[in-house]
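Those sequence lines, one after another, are chains A and B.
Everything in the first sequence is counted per numbering that gives the first Met the number 0, starting at 0 for the first residue and increasing by one.
Everything in the second sequence is counted per numbering that gives the first Met the number 0, starting at 0 for the first residue and increasing by one.
Heads up, some of the hints might be wrong.
Just so you know, same-sequence chains aren't split out, so a pair can sit in one copy or run between any two.
[As the list claims (entries may be wrong)] Only pairs whose alpha carbons sit at most 30 Å apart, straight line, appear in this in silico DSBU-like list of lysine-lysine:
#, residue 1, residue 2
1, 468, 489
2, 336, 180
3, 348, 336
4, 429, 383
5, 428, 86
6, 97, 250
7, 344, 489
8, 234, 259
9, 133, 454
10, 331, 53
11, 56, 46
12, 489, 434
13, 8, 401
Source of the hints: derived by calculation from the structure; they are not laboratory data.
The model shown is predicted, which means the values in this text are computed figures rather than measured ones.
There are 2 protein chains.
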Amino acid sequence: MAKGLTSRKEDYSKWYNEIVEGADLAEHSAVRGCMVIKPYGYAIWEKMQQQLDKMFKETGHTNAYFPLFVPKSLFEAEEKNAEGFAKECAVVTHYRLKSNPDEPGKLMVDPEAKLEEELVVRPTSEAIIWNTYKGWIQSYRDLPILVNQWANVVRWEMRTRLFLRTAEFLWQEGHTAHASKEEAIEETVQMVNIYAQFAEEFMAMPVVKGVKSESERFAGAEDTYCIEALMQDGKALQAGTSHFLGQNFAKAFDVKFATKEGTQEYVWATSWGVSTRLMGALIMTHSDDHGLVLPPKLAPFQVVMIPIYRDEAQFEAVVGRLKEIKKELEAKGISVKLDDRDTQKPGWKFAEYEFKGVPLRLAMGPRDLENGTIEVARRDTLEKSNLDQNDLVNKVSHLLEKIQENLFQKSIDFREESSHKADSYDEFKKILKEKGGFIYAHWDGTTETEEQIQKETKATIRCIPLAGKKEAGKCMVTGKPSEQRVIFAKAY
Amino acid sequence: MAKGLTSRKEDYSKWYNEIVEGADLAEHSAVRGCMVIKPYGYAIWEKMQQQLDKMFKETGHTNAYFPLFVPKSLFEAEEKNAEGFAKECAVVTHYRLKSNPDEPGKLMVDPEAKLEEELVVRPTSEAIIWNTYKGWIQSYRDLPILVNQWANVVRWEMRTRLFLRTAEFLWQEGHTAHASKEEAIEETVQMVNIYAQFAEEFMAMPVVKGVKSESERFAGAEDTYCIEALMQDGKALQAGTSHFLGQNFAKAFDVKFATKEGTQEYVWATSWGVSTRLMGALIMTHSDDHGLVLPPKLAPFQVVMIPIYRDEAQFEAVVGRLKEIKKELEAKGISVKLDDRDTQKPGWKFAEYEFKGVPLRLAMGPRDLENGTIEVARRDTLEKSNLDQNDLVNKVSHLLEKIQENLFQKSIDFREESSHKADSYDEFKKILKEKGGFIYAHWDGTTETEEQIQKETKATIRCIPLAGKKEAGKCMVTGKPSEQRVIFAKAY
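All chains should be built: construct the whole structure from the sequences, respecting the hints.
See below:
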């Protein structure tokens with residue numbers, strides 16, 4: 000399969016699509032902009048879900064489920080939020096089909112089944128959830144509410160790309176309610192930290208934590224925190240966001256609580272989410288011109304075993320031994336697939352699993368069986384070696400850790416090489432054109448300047464880094480004073 | 000809380016609603032017929048999901064995800080299926096809202112953003128999935144496909160009830176593709192067996208496995224297998240279905256495969272699903288006039304601990320000891336909630352957790368602390384006893400097992416008492432009117448007779464039991480010959 004793969008240099012976007020489809024991760028569906036997530040791709044998403052869900056629960060959150068549909072009148076209650084999503088809303092207007100009298104066997108929308116009020120398919124759930132929270136919150140005793148939802152959402156995008164931008168996508172959305180501003184901000188920061196930890200420890204993807212500029216903020220938020228990653232083509236990808244919503248939704252839905260002191264106050268809110276877009280980020284961060292590369296912590300199976308044999312007797316002997324080893328590996332918590340199909344040749348299998356990014360490949364033939372050895376190939380470095388079967392479980396375990404670390408280190412190195420400072424607008428444009436990547440530059444803090452830069456260069460402010468050091472400087476465009484460099488990049 | 004609970008005798012339906020809402024399981028939303036599943040209710044659903052997902056994976060299935068929307072032209076391809084669901088379809092017709100010029104701050108559907116082809120919000124996914132499988136299947140080597148999806152679906156119901164019948168609900172739907180009829184039937188039967196095993200072992204809910212009569216069959220199926228449970232009001236509840244779809248969808252979507260012999264054949268299909276309706280079944284099977292009763296295997300927490308104290312020092316001492324016990328229980332895999340809130344009195348907490356169906360309550364006061372004892376209350380029998388703290392983990396573990404068994408046995412006993420044979424139509428009507436329950440009777444196998452019975456008595460054929468013994472008899476209505484008794488009941 001890898002033979003046919005377009006290289007990153009040749010056409011990065013084509014390379015990406017070929018990996019997504021060729022590695023059986025996802026494909027386009029008959030519905031414009033909607034994707035089918037195939038079993039192998041979904042298994043990676045499940046691993047992500049399990050880990051994130053664990054981290055959410057460890058920090059006191061519980062899951063719940065809210066309706067898919069939002070009545071238009073609720074949707075428009077928080078005006079900024081509504082305005083921000085109005086152009087991307089799929090709208091249900093009817094609730095019945097009927098036989099089409101003009102075309103036997105065909106159906107048509109029944110005009111008599113028109114809804115009195117249109118229903119928006121949720122692009123995000125603040126509206127329906129805050130309308131619900133109104134019934135849950137009376138006093139400070141009812142706070143905080145720390146709820147998360149795993150769901151599908153729909154945003155009608157005109158230009159879609161598998162995982163990165165699809166009309167329907169899967170995500171989680173946390174929606175919390177608090178008695179004080181401080182507590183809500185603390186929650187917002189806690190969640191962006193959790194996202195960063197997940198990205199780095201599990202996806203092996205380094206991220207910058209930061210705050211969005213006003214124009215990149217979530218519609219309806221007071222502040223949007225984010226994690227930004229850098230892809231191999233030098234473009235940035237926003238991988239997760241956590242919003243401090245202030246009292247905007249509480250005011251829109253009239254959600255007040257009685258304080259300990261007996262006064263009535265509006266509730267403070269946050270929301271935070273990551274989506275199947277993370278799949279796109281994962282693919283683009285590690286994969287190479289041989290196909291997908293997966294970090295062991297998120298691989299559906301970490302080890303694939305392939306028997307080499309010439310006849311039935313050899314097959315039995317080799318597969319017998321591989322089954323023993325499989326059991327030992329699984330006992331140690333390592334996930335293993337033994338591909339003992341006789342419909343495909345070993346060479347075909349080698350290519351298949353290399354393309355699918357399985358971290359470690361173990362191959363064993365009759366000679367290995369005699370010698371007590373086994374061939375191990377790492378997907379990240381493509382290195383092969385012959386190992387003694389003795390103490391194999393610990394060796395495999397150790398290798399998987401090394402692969403996880405190596406992928407992370409490689410991505411950090413790449414990001415460091417691709418991060419530049421620009422001190423003038425000309426320098427900025429030059430770097431952007433020649434190298435791309437993260438460009439740290441001074442900006443005067445105004446939306447006007449930001450828009451001008453975007454218009455002239457297509458770069459946007461990815462974030463104001465949380466860990467960025469204060470440094471007096473001058474905006475590269477207007478020369479006005481700036482306190483800190485912000486990160487510019489072209490972005491997905 | 001239980002004080003206010005309507006009794007089952009008084010008003011069964013009201014009792015049910017009060018439990019669902021009072022135990023914080025679910026509530027109605029602002030969207031007609033759609034529910035909010037609250038954290039405590041969702042935690043039970045998560046337990047169900049985890050167990051079912053495990054059972055599906057152990058039998059070789061993997062998860063995937065298919066689009067929420069089905070283009071009308073695909074939806075109508077399998078005519079029987081389309082006809083069966085047409086009247087319940089929510090339809091997306093537009094993809095954008097815009098500002099309403101007549102009402103500042105309000106939105107309206109943008110008439111210019113009308114879709115060329117309407118999109119049906121999936122009521123079930125056979126159409127979109129078989130349209131996808133067409134691209135996945137060329138040869139017998141691509142079969143079987145054993146895929147499951149966890150998703151939301153929408154069926155526009157006119158009369159809704161929380162969990163039992165809602166416009167949107169959560170479910171899993173398995174969709175498999177096979178090279179032979181035999182293999183597809185085997186899969187269909189395997190899945191109904193898995194559902195039965197899940198219902199009995201985890202929900203502690205006895206079920207009858209059977210086959211549906213033609214008129215109760217899934218639209219587009221050749222045969223529908225089901226599990227039927229009996230609720231405490233004598234009404235039946237269909238708790239899960241598994242469909243043998245024959246080649247109907249393969250023909251509708253032209254999905255053929257090359258056999259080993261080189262011929263082209265249509266693929267054989269199954270689909271199977273259970274939904275959040277199981278929550279309704281669980282609630283109605285075990286709960287009593289004191290509130291919800293949960294089987295330990297599906298309870299969000301199996302044990303609740305409540306400290307009894309008069310002052311700060313007692314609180315510290317008692318809670319300190321409870322925390323130690325909690326750790327010991329958790330180490331054994333028992334889930335525990337320690338409610339050490341000082342905003343609520345112990346009596347309030349007792350009532351709260353009784354209503355919420357927590358299987359075991361442990362209460363400890365200063366005297367218990369001195370004596371090394373603890374009070375244990377079982378939710379199923381409401382029995383209290385004082386246990387020695389010595390070896391408490393094993394005692395709790397044993398009690399949880401006993402509760403699980405007791406709930407199952409009680410439900411079996413109830414079903415046995417509520418199952419009757421009727422040998423004449425008069426006897427049938429009398430039993431139905433006086434006792435309800437499952438009525439085993441002979442039927443001539445025709446849809447006409449079935450419809451007559453339903454019209455005259457409101458009872459339907461729940462299933463033709465798989466384990467029912469062959470027994471020559473005469474249809475209670477027409478006197479025509481019958482080979483086996485079938486189960487009639489009024490149903491949810």
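Hints, one by one, checked against the model:
In this assembly of identical chains, residue 468 and residue 489 lie within 30 Å of each other by CA distance solely inside one copy; the values are 23 Å within and 72 Å between copies. For a Cα distance limit of 30 Å, the shortest separation of residue 336 from residue 180 across copies, 29 Å, qualifies, whereas the shortest one inside one copy, 50 Å, does not. Proximity of residue 348 and residue 336 under a CA criterion of 30 Å is satisfied intra-copy only: 12 Å inside one chain copy versus 49 Å between copies. Proximity of residue 429 to residue 383 under the C-alpha cut-off of 30 Å is found in neither arrangement, the shortest distances being 41 Å within a copy and 79 Å between copies.
For the identical chains of this complex, residue 428 and residue 86 are neighbours neither inside a copy (32 Å) nor across copies (58 Å), given an alpha-carbon limit of 30 Å. With identical chains, the CA atoms of residue 97 and residue 250 are at most 30 Å apart between copies only, with a shortest distance of 23 Å across copies and 42 Å within one. For the identical chains of this complex, residue 344 and residue 489 are neighbours neither inside a copy (44 Å) nor across copies (58 Å), given an alpha-carbon limit of 30 Å. Within a single copy, residue 234 and residue 259 get their C-alpha atoms no closer than 49 Å, and across copies no closer than 48 Å, so neither meets the 30 Å cut-off.
Taking identical chains as interchangeable, the C-alpha atoms of residue 133 and residue 454 are never at most 30 Å apart, the minima being 42 Å within one chain and 45 Å between chains. Taking the shortest alpha-carbon separations for residue 331 and residue 53, both the intra-copy value of 21 Å and the inter-copy value of 20 Å come in at or below 30 Å. In the homo-oligomer, the alpha carbons of residue 56 and residue 46 lie at most 30 Å apart both inside one protomer (16 Å) and across protomers (14 Å), since each shortest distance falls under that limit. For the homomeric pair residue 489 and residue 434, the shortest alpha-carbon distance inside one copy (11 Å) is at most 30 Å, but the shortest distance between copies (72 Å) is not.
With identical chains, the CA atoms of residue 8 and residue 401 are at most 30 Å apart within one copy only, with a shortest distance of 27 Å there and 65 Å across copies.
Hint violations for this structure: numbers 4, 5, 7, 8, 9, all remaining hints satisfied.
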